[in-house]
Amino acid sequence: MAKDHEDTREYQLSNGLKLIVREDHRAPTVAHMVWYRAGSMDEVNGRTGLAHVLEHMMFKGTDKVKAGEFSRLVAALGGRENAFTNRDYTAYFQQVEKSKLDEVIKLEADRMSNLNFDDSEFLKEIQVVMEERRLRTEDNPSSLLNESLMATAYMSSPYRYPVVGWMNDLQNMKANDARDWYRSWYKPNNATVVITGDVDAKQVLAAVEKYYGSIPAQELPVRKPQIEPPQKGIKQVQVKAPADSAQLTMAWKVPRLEVGKLDDPEPYALELLTSVLDGYDNARLNRVLVKQEKVVNDVGVGYDMISRGPELFEIAATMAKGKTVAQAQVSIRKALDELKQKGILDSELKRIKVRILSEQIYKRDSIFGQAMEIGSTEMAGFSWRDIDYMLEKMQTITPEQVQAVAQKYLVDEGLTMAVLDPQARQSVAKEGKR
Amino acid sequence: MKAFNQMILGCLLAFGVITSAQAILTIEKLENYKGAKAYLVQTKALPMVDIEVSIDAGDRYDPVGKSGLADMTATLMNYGVQDDKRMLSEAQIADEIADLGASIGLSVGGERAILRIRSLSRKDLRDRAVQLASAMLAAPTYDPNIVRREKQRTITSLLEAETKPEYVLDRRFKKMVYGTYPLADSPSVKSVGAITPTDLVQFHKQFYRTDRMIVSIVGDVDQAEANEIIHALLKRIPQSGPFIAPLPEFQRSPVEPLAQREVQIPFDSQQAHIAMGMTAVARNNPDYFPLLVGNYVLGGGGFVSRLMNEVREKRGLAYSVSSYFAPGKDTGIFQAGLQTKNDQSSVALQVMSDTIAKFIADGPTTSELVAAKANLVNGYPLRIDNNRKLLDNVSSIAWNDLPLDTMEVWTKQVEAVTLDQVKSAFEKYLAMDRMKIVVLGAQNK
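Residue numbers (the numbering used here), protein chains in the order written: chain A, 1 to 434; chain B, 1 to 445.
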């Protein structure tokens, strides 16, 4: 295994900051990311959306770098930058030509401990975040449906909160809420720096030591497990929103890969089941539901075995013209029953495994993609070293194991169904000149 | 698994693609084959290859009343083909592509249809992927049953799209900005409904011929292998075909009173969506670089543009606001846009208009120009640092008929841009009294 990783190095500074460097010398560029293990699942009710709001505020100035200046400095370096917040984490990145790496490290390290924004900046930015919620959720029926699905499937797990936050929580958020969040979670011992590209690992370590090394560690708030109680039967939720086609999502509670249990075959089998159902144009659900029965217009399957919180196995479909949600549900259940009873073909599974192998090569084309994979794996509590092991493990899964997880987990006890009931838009007036 | 990884690592250590920012890979122009131009960039670090075929068969060739035909002609090519001597069904094609670990993507824009293959470079895998793509380009079957199914799916998607503010805005904006040019018409339930299998066969025969194709290849193949790929791809496709009527001219957006060029679409979304724009330039226009640099300052430069600063940073009016030029082989458009909650739409539109008007009138400041050039020049390596991005570049150079050294001289051309050039280019091509404006949302006084 070690031999496979000559290109990747891991270090830990004395303040707890973890650094992972992957050397890839194909082009003179580098991706620099810092990942904080603080996402919406670390929020509490009444303060949902805080992780994401803080992400916005991180661009609003430190003691030395005034509001907006961070982006101007990165831009002057020719850099591309942004940030993203998830249920599990918040991450910041810059991509630059390699000679500019030290400068972005310096900037990112500065805002790890010196963030200092004005109330007035907060008041403007919270408006921007509300616009973001309007754009991505309020006016987007699929997002509304997903939001309700999560809030229905989970009673106690904080995975029930939308990452962007409930609108009312955003309206009542204060600058100090954001500051408290920052003071609680933005610590070197809660962060992982990932650097990929045309670099020398030793030199990178020196730069990271220099800029991040002096930031003191601090004890993190206690994270309660908040384990979701077992579900005892079907849950359903309906969302009425402007749309033309009805949508149906069926979501089952399924296991994820647990840290320290890398040999558990079930999560791998569930990943492969996802691809058997939806991994290519002629995969089962697309073939049967879209092409043969023409009962749905589109269908997709989602499952991610790696996460901090509980996992759902989701099948989402948009109805075909004239078809009902009930008809689609019957067809989905029929396809699943067939798989549960008759299993899957060797050739189907082999096809999926070939794709997984070739993806291993294709993903190397992007240093940014590699940094994403390393960072998200680390945030879920695994090591980047586990990635190849997981992929090897995936290759050992049998058709019987895939069939077994379908039989065991795609059952009504753990099912939540969300239905989008399409409504006509209220607009009546004709188009006009202003 | 292990063998795979070691193969990658071995390659990674043995080669370097670009060793410094100065050494930019050369584009090799290959011999024309049956009238098709062909280009290659060799990158040996990864055992993979990306192949693109651009076909001069974009949406602008949709016949009147059949908008969506160009799109369906391309995107149904993989739903059944005549492969050498046997028929391959859509299911067989999809299974085979998956079994190869390859992907074949089809897409259509205003000017061109694009087929893209990504495959491992191992000869047997690559050859079969190319053979499948060749069959799609040469002999798609357009089975009437599949055509009926896909038409219905497209219509269902269109009806859904018509409930979405961004789609309704975009369709209306296109209608206004393209005027009498064919791209003014978007696919509709009626136009897609009117398309027949015969139309698809006919359109394919008319446009899918090698004298309308360009092949670009990036990856782990040498010149001889690239030539082999090109021959295999194109050998079954005819070199010419039936007469194609020339396109009408895309006429410059005229000076008009505001009432003639601004439209309000009532829509009960929470946010108003606003688009503003007009005709602009082609990619090979000598003013391309001044416009590129200028637009970075105006609305292209992410968090640091003037539009972002005025609309979002200073006033918190929108999450996203931007402007861009979309130059093609022929004249493209300039467009700016934002979304804001309904009761702010007037003020947001005013801020956006004022910002654009001031920029056209005064151009950038010296420090803005310096900052724009710094970003574009320093960031250039990020535009060419993997195979996918290289293919995008080669493809653009080939399609737009740009000089082969475009990537090498790109930063020099940016550096050479002066304040006066930016100012006069914006004044020359953009004008506030020509801008089309669409505001979609609830009424707002």
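What the hints contain is simulated information worked out from the structure, not anything from laboratory work. Do not take every clue at face value.
Once the Cα atoms are required to be at most 30 angstroms apart in a straight line, the calculated DSS-like pairs of lysine-lysine come out as [to be verified]: (1) K85/B / K350/A; (2) K98/A / K412/B; (3) K353/A / K151/B; (4) K235/A / K164/B; (5) K321/A / K85/B; (6) K389/B / K29/B; (7) K334/A / K151/B; (8) K389/B / K291/A; (9) K106/A / K314/B; (10) K123/B / K393/A; (11) K412/B / K240/A; (12) K151/B / K98/A; (13) K294/A / K314/B; (14) K106/A / K428/B; (15) K294/A / K190/B; (16) K164/B / K363/A; (17) K202/A / K389/B.
Quick caveat: nothing in here was measured; it's all calculated off a predicted structure.
We went through each hint and held it up to the structure:
1. K85/B / K350/A: Holds - the C-alpha atoms of K350/A and K85/B are around 27 angstroms apart, at most 30 angstroms.
2. K98/A / K412/B: 20 angstroms, holds
3. K353/A / K151/B: 33 angstroms, violated
4. K235/A / K164/B: 29 angstroms, holds
5. K321/A / K85/B: Given that 30 angstroms is the threshold and the Cα spacing comes to 37 angstroms, the pair is violated.
6. K389/B / K29/B: At roughly 18 angstroms apart (the allowed maximum being 30 angstroms), K29/B and K389/B satisfy the hint.
7. K334/A / K151/B: 26 angstroms, holds
8. K389/B / K291/A: Distance of about 34 angstroms is beyond 30 angstroms: violated.
9. K106/A / K314/B: Since the Cα atoms of K106/A and K314/B sit roughly 26 angstroms apart, the hinted pair holds (cutoff 30 angstroms).
10. K123/B / K393/A: It holds: about 28 angstroms lies between the C-alpha atoms, which stays within 30 angstroms.
11. K412/B / K240/A: 55 angstroms, violated
12. K151/B / K98/A: It is violated: about 49 angstroms lies between the C-alpha atoms, which goes past 30 angstroms.
13. K294/A / K314/B: 50 angstroms, violated
14. K106/A / K428/B: 42 angstroms, violated
15. K294/A / K190/B: 21 angstroms, holds
16. K164/B / K363/A: 34 angstroms, violated
17. K202/A / K389/B: Holds, because 29 angstroms separates the two Cα atoms, which is no more than 30 angstroms.
Hint compliance for this structure: hints 3, 5, 8, 11, 12, 13, 14, 16 are not met, and every other hint is.
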